[in-house]
Amino acid sequence: MKAVILAGGLGTRLSEETVLRPKPMVEIGGKPILWHIMNIHAAHGITEFIVALGYKGEVIKEYFLNFHAINNDISISLSSGKTTIHAGNQLKWTVHLVDTGQSTQTGGRVKRLQKWLEDDDTFMLTYGDGVADINLKALLEFHRSHGKLATMTSVRSPARFGRISFEGDRVTEFFEKPQAGEGWINGGFFILNTKSLDYIDGDETIWEHDPIERLAHEGHMMGFRHDGFWSCMDTLKEKQYLEGLWQSGKAPWKMW
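For the sequence shown, the numbering used here gives the first residue as 1, with consecutive numbering after it.
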(Lines of atoms letter the chains of each structure in order from A and count residues from 1; the text may use other names and numbers.)
(Lines give C-alpha, C1' and ligand atoms only; values in the text may rest on other atoms or scores of the structure.)
Protein backbone atom coordinates (compact mmCIF):
# COMPACT_ATOMS: atom_id res chain seq x y z
CA MET A 1 0.00 0.00 0.00
CA LYS A 2 1.17 3.52 -0.81
CA ALA A 3 1.06 6.46 1.58
CA VAL A 4 0.38 9.89 0.08
CA ILE A 5 1.81 12.81 2.06
CA LEU A 6 0.65 16.36 1.37
CA ALA A 7 3.78 18.51 1.47
CA GLY A 8 3.05 21.50 -0.74
CA GLY A 9 1.49 24.17 1.46
CA LEU A 10 2.99 27.55 2.34
CA GLY A 11 3.08 27.02 6.11
CA THR A 12 2.35 30.70 6.74
CA ARG A 13 1.64 30.24 10.46
CA LEU A 14 5.17 28.91 10.89
CA SER A 15 6.81 31.62 8.80
CA GLU A 16 9.77 31.81 11.19
CA GLU A 17 10.82 28.43 9.77
CA THR A 18 9.14 28.22 6.38
CA VAL A 19 10.58 31.32 4.74
CA LEU A 20 13.48 29.15 3.54
CA ARG A 21 12.00 25.66 3.45
CA PRO A 22 8.61 23.92 3.23
CA LYS A 23 6.98 23.01 6.51
CA PRO A 24 7.55 19.24 6.13
CA MET A 25 11.30 19.99 6.18
CA VAL A 26 11.18 21.84 9.50
CA GLU A 27 13.24 19.74 11.87
CA ILE A 28 12.37 17.95 15.08
CA GLY A 29 15.44 16.48 16.74
CA GLY A 30 17.59 17.33 13.73
CA LYS A 31 15.33 15.44 11.29
CA PRO A 32 12.55 16.87 9.08
CA ILE A 33 9.08 16.20 10.44
CA LEU A 34 8.48 14.49 7.08
CA TRP A 35 11.10 11.90 8.10
CA HIS A 36 9.23 11.32 11.37
CA ILE A 37 5.91 10.85 9.53
CA MET A 38 7.48 8.37 7.13
CA ASN A 39 8.96 6.41 10.02
CA ILE A 40 5.53 6.15 11.65
CA HIS A 41 4.27 4.51 8.46
CA ALA A 42 7.35 2.33 8.02
CA ALA A 43 6.96 1.02 11.57
CA HIS A 44 3.68 -0.49 10.36
CA GLY A 45 5.07 -1.88 7.11
CA ILE A 46 4.16 1.03 4.80
CA THR A 47 7.36 1.86 2.92
CA GLU A 48 6.22 3.33 -0.41
CA PHE A 49 5.45 7.03 -0.34
CA ILE A 50 4.10 9.58 -2.78
CA VAL A 51 4.99 13.08 -1.60
CA ALA A 52 2.84 15.82 -3.16
CA LEU A 53 5.19 18.77 -3.63
CA GLY A 54 4.43 22.45 -4.08
CA TYR A 55 6.03 25.35 -2.21
CA LYS A 56 9.82 24.93 -2.23
CA GLY A 57 9.47 21.35 -3.38
CA GLU A 58 13.06 21.45 -4.61
CA VAL A 59 14.22 21.44 -0.97
CA ILE A 60 12.50 18.09 -0.41
CA LYS A 61 13.94 16.72 -3.67
CA GLU A 62 17.45 17.79 -2.67
CA TYR A 63 17.04 16.14 0.73
CA PHE A 64 16.11 12.76 -0.73
CA LEU A 65 18.64 12.97 -3.56
CA ASN A 66 21.32 13.38 -0.88
CA PHE A 67 19.62 11.17 1.71
CA HIS A 68 22.39 8.58 1.95
CA ALA A 69 25.11 11.20 2.28
CA ILE A 70 23.13 13.16 4.88
CA ASN A 71 22.30 10.13 7.01
CA ASN A 72 25.57 8.19 6.80
CA ASP A 73 29.27 8.78 7.26
CA ILE A 74 31.12 9.81 4.10
CA SER A 75 34.73 10.01 2.97
CA ILE A 76 35.81 12.49 0.30
CA SER A 77 39.11 12.41 -1.55
CA LEU A 78 39.94 16.04 -2.24
CA SER A 79 42.57 15.01 -4.79
CA SER A 80 40.31 12.85 -6.95
CA GLY A 81 36.88 14.03 -5.92
CA LYS A 82 35.84 10.46 -5.17
CA THR A 83 33.15 10.16 -2.53
CA THR A 84 32.50 7.03 -0.50
CA ILE A 85 29.32 6.63 1.52
CA HIS A 86 29.79 4.28 4.46
CA ALA A 87 26.33 2.77 4.44
CA GLY A 88 24.98 2.10 7.88
CA ASN A 89 21.51 3.55 7.59
CA GLN A 90 19.87 1.98 4.55
CA LEU A 91 16.12 2.35 4.54
CA LYS A 92 14.17 0.09 2.18
CA TRP A 93 11.77 2.84 1.19
CA THR A 94 10.55 3.96 -2.21
CA VAL A 95 9.83 7.69 -2.32
CA HIS A 96 8.03 9.29 -5.27
CA LEU A 97 8.43 13.09 -5.29
CA VAL A 98 5.69 14.58 -7.46
CA ASP A 99 5.25 18.26 -8.31
CA THR A 100 1.56 19.09 -7.83
CA GLY A 101 1.70 22.85 -8.41
CA GLN A 102 2.61 25.90 -6.38
CA SER A 103 -0.92 27.07 -5.59
CA THR A 104 -2.90 23.83 -5.92
CA GLN A 105 -5.28 23.15 -3.03
CA THR A 106 -5.11 19.99 -0.92
CA GLY A 107 -7.79 18.13 -2.87
CA GLY A 108 -6.26 19.17 -6.16
CA ARG A 109 -2.89 17.79 -5.08
CA VAL A 110 -4.44 14.40 -4.36
CA LYS A 111 -6.30 14.45 -7.68
CA ARG A 112 -3.06 15.15 -9.55
CA LEU A 113 -1.66 11.90 -8.12
CA GLN A 114 -4.37 9.79 -9.73
CA LYS A 115 -2.05 8.19 -12.29
CA TRP A 116 0.35 7.24 -9.49
CA LEU A 117 -2.47 5.31 -7.80
CA GLU A 118 -3.88 3.49 -10.84
CA ASP A 119 -2.61 0.10 -9.68
CA ASP A 120 -4.19 0.42 -6.24
CA ASP A 121 -7.74 0.35 -4.94
CA THR A 122 -6.80 1.73 -1.53
CA PHE A 123 -4.16 4.16 -0.30
CA MET A 124 -3.25 6.13 2.80
CA LEU A 125 -3.29 9.92 2.91
CA THR A 126 -1.91 12.25 5.54
CA TYR A 127 -0.47 15.71 6.04
CA GLY A 128 3.22 16.60 6.14
CA ASP A 129 3.01 18.32 9.50
CA GLY A 130 1.35 15.94 11.98
CA VAL A 131 2.60 13.08 14.15
CA ALA A 132 0.77 10.55 16.31
CA ASP A 133 1.26 7.25 18.11
CA ILE A 134 -1.42 5.79 15.86
CA ASN A 135 -1.69 2.08 15.12
CA LEU A 136 -1.92 2.11 11.33
CA LYS A 137 -2.53 -1.63 11.18
CA ALA A 138 -5.61 -1.21 13.38
CA LEU A 139 -6.68 1.73 11.20
CA LEU A 140 -6.42 -0.43 8.07
CA GLU A 141 -8.34 -3.28 9.72
CA PHE A 142 -11.09 -0.84 10.68
CA HIS A 143 -11.27 0.49 7.13
CA ARG A 144 -11.53 -2.98 5.64
CA SER A 145 -14.20 -3.95 8.16
CA HIS A 146 -16.76 -1.31 7.16
CA GLY A 147 -16.43 -1.43 3.35
CA LYS A 148 -16.97 2.32 2.82
CA LEU A 149 -14.92 4.54 0.52
CA ALA A 150 -13.11 6.54 3.18
CA THR A 151 -11.82 6.45 6.74
CA MET A 152 -10.74 9.58 8.59
CA THR A 153 -8.69 9.36 11.77
CA SER A 154 -10.33 11.60 14.35
CA VAL A 155 -8.52 12.98 17.38
CA ARG A 156 -9.22 15.29 20.30
CA SER A 157 -7.93 18.85 20.06
CA PRO A 158 -8.73 22.50 20.92
CA ALA A 159 -11.55 24.37 19.27
CA ARG A 160 -9.48 26.10 16.59
CA PHE A 161 -9.80 22.98 14.45
CA GLY A 162 -12.91 21.80 12.63
CA ARG A 163 -15.09 19.34 14.55
CA ILE A 164 -16.52 16.00 13.45
CA SER A 165 -19.96 14.67 14.31
CA PHE A 166 -20.55 10.91 14.50
CA GLU A 167 -23.48 8.54 14.23
CA GLY A 168 -21.94 5.31 15.51
CA ASP A 169 -18.70 5.12 13.53
CA ARG A 170 -20.10 6.94 10.52
CA VAL A 171 -19.04 10.56 10.07
CA THR A 172 -22.22 12.60 9.56
CA GLU A 173 -20.98 16.18 9.63
CA PHE A 174 -17.71 18.08 9.33
CA PHE A 175 -17.75 21.54 10.92
CA GLU A 176 -14.86 23.74 9.82
CA LYS A 177 -13.15 25.58 12.71
CA PRO A 178 -15.87 26.36 15.27
CA GLN A 179 -15.37 29.26 17.63
CA ALA A 180 -15.77 27.41 20.91
CA GLY A 181 -15.87 23.96 22.43
CA GLU A 182 -13.83 20.82 22.00
CA GLY A 183 -14.63 17.66 20.08
CA TRP A 184 -13.37 15.16 17.57
CA ILE A 185 -11.37 16.72 14.76
CA ASN A 186 -9.70 15.65 11.53
CA GLY A 187 -6.32 14.22 12.51
CA GLY A 188 -5.26 13.20 9.01
CA PHE A 189 -4.15 9.59 8.54
CA PHE A 190 -6.91 8.77 6.05
CA ILE A 191 -7.43 5.50 4.24
CA LEU A 192 -9.19 6.03 0.93
CA ASN A 193 -10.57 3.93 -1.85
CA THR A 194 -9.37 5.40 -5.15
CA LYS A 195 -13.04 6.03 -6.01
CA SER A 196 -12.81 8.87 -3.47
CA LEU A 197 -10.85 10.80 -6.10
CA ASP A 198 -14.10 11.17 -8.04
CA TYR A 199 -15.22 13.59 -5.31
CA ILE A 200 -12.41 16.00 -6.20
CA ASP A 201 -13.15 18.39 -9.07
CA GLY A 202 -9.73 19.91 -9.73
CA ASP A 203 -6.86 22.09 -8.54
CA GLU A 204 -9.09 24.52 -6.62
CA THR A 205 -10.76 21.81 -4.55
CA ILE A 206 -9.95 21.84 -0.85
CA TRP A 207 -10.01 18.26 0.39
CA GLU A 208 -11.25 19.31 3.84
CA HIS A 209 -14.32 21.08 2.41
CA ASP A 210 -16.52 19.69 -0.39
CA PRO A 211 -15.02 16.19 -0.85
CA ILE A 212 -15.04 15.29 2.85
CA GLU A 213 -18.46 16.83 3.37
CA ARG A 214 -19.98 15.01 0.39
CA LEU A 215 -18.43 11.69 1.42
CA ALA A 216 -19.84 12.18 4.93
CA HIS A 217 -23.31 13.24 3.80
CA GLU A 218 -23.53 10.30 1.39
CA GLY A 219 -22.52 7.83 4.11
CA HIS A 220 -19.13 6.97 2.66
CA MET A 221 -16.91 8.42 5.40
CA MET A 222 -16.16 6.48 8.58
CA GLY A 223 -14.20 7.76 11.56
CA PHE A 224 -11.41 5.92 13.35
CA ARG A 225 -11.20 7.41 16.85
CA HIS A 226 -7.62 7.79 18.05
CA ASP A 227 -7.46 8.54 21.77
CA GLY A 228 -3.68 8.55 21.99
CA PHE A 229 -1.09 11.21 21.23
CA TRP A 230 -1.53 13.49 18.24
CA SER A 231 -0.07 16.87 17.38
CA CYS A 232 0.26 19.02 14.31
CA MET A 233 3.03 21.58 13.82
CA ASP A 234 1.24 24.72 12.69
CA THR A 235 3.08 27.23 14.87
CA LEU A 236 6.48 27.83 16.41
CA LYS A 237 5.02 26.98 19.82
CA GLU A 238 3.91 23.58 18.54
CA LYS A 239 7.31 23.03 16.93
CA GLN A 240 8.99 23.76 20.26
CA TYR A 241 6.55 21.43 22.03
CA LEU A 242 7.42 18.54 19.71
CA GLU A 243 11.13 19.32 19.99
CA GLY A 244 10.87 19.16 23.77
CA LEU A 245 9.18 15.77 23.63
CA TRP A 246 11.86 14.44 21.29
CA GLN A 247 14.70 15.74 23.42
CA SER A 248 13.12 14.14 26.51
CA GLY A 249 13.58 10.74 24.90
CA LYS A 250 9.88 10.05 25.33
CA ALA A 251 8.37 11.21 22.05
CA PRO A 252 5.09 9.24 21.89
CA TRP A 253 5.14 8.94 18.09
CA LYS A 254 8.57 7.24 18.00
CA MET A 255 7.61 3.66 17.27
CA TRP A 256 10.75 2.66 15.39
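Simulated from the structure, these hints should not be mistaken for lab results.
Mixed in with the good hints there might be a few duds.
[Said to hold, decoys possible] In silico BS3-like cross-links for lysine-lysine, where the CA-CA straight-line distance does not exceed 25 Å:
id, residue 1, residue 2
1, K61, K137
2, K2, K137
3, K237, K250
4, K195, K2
5, K61, K2
Structure-inconsistent hints, enumerated in ascending order: The structure breaks only hint 1.
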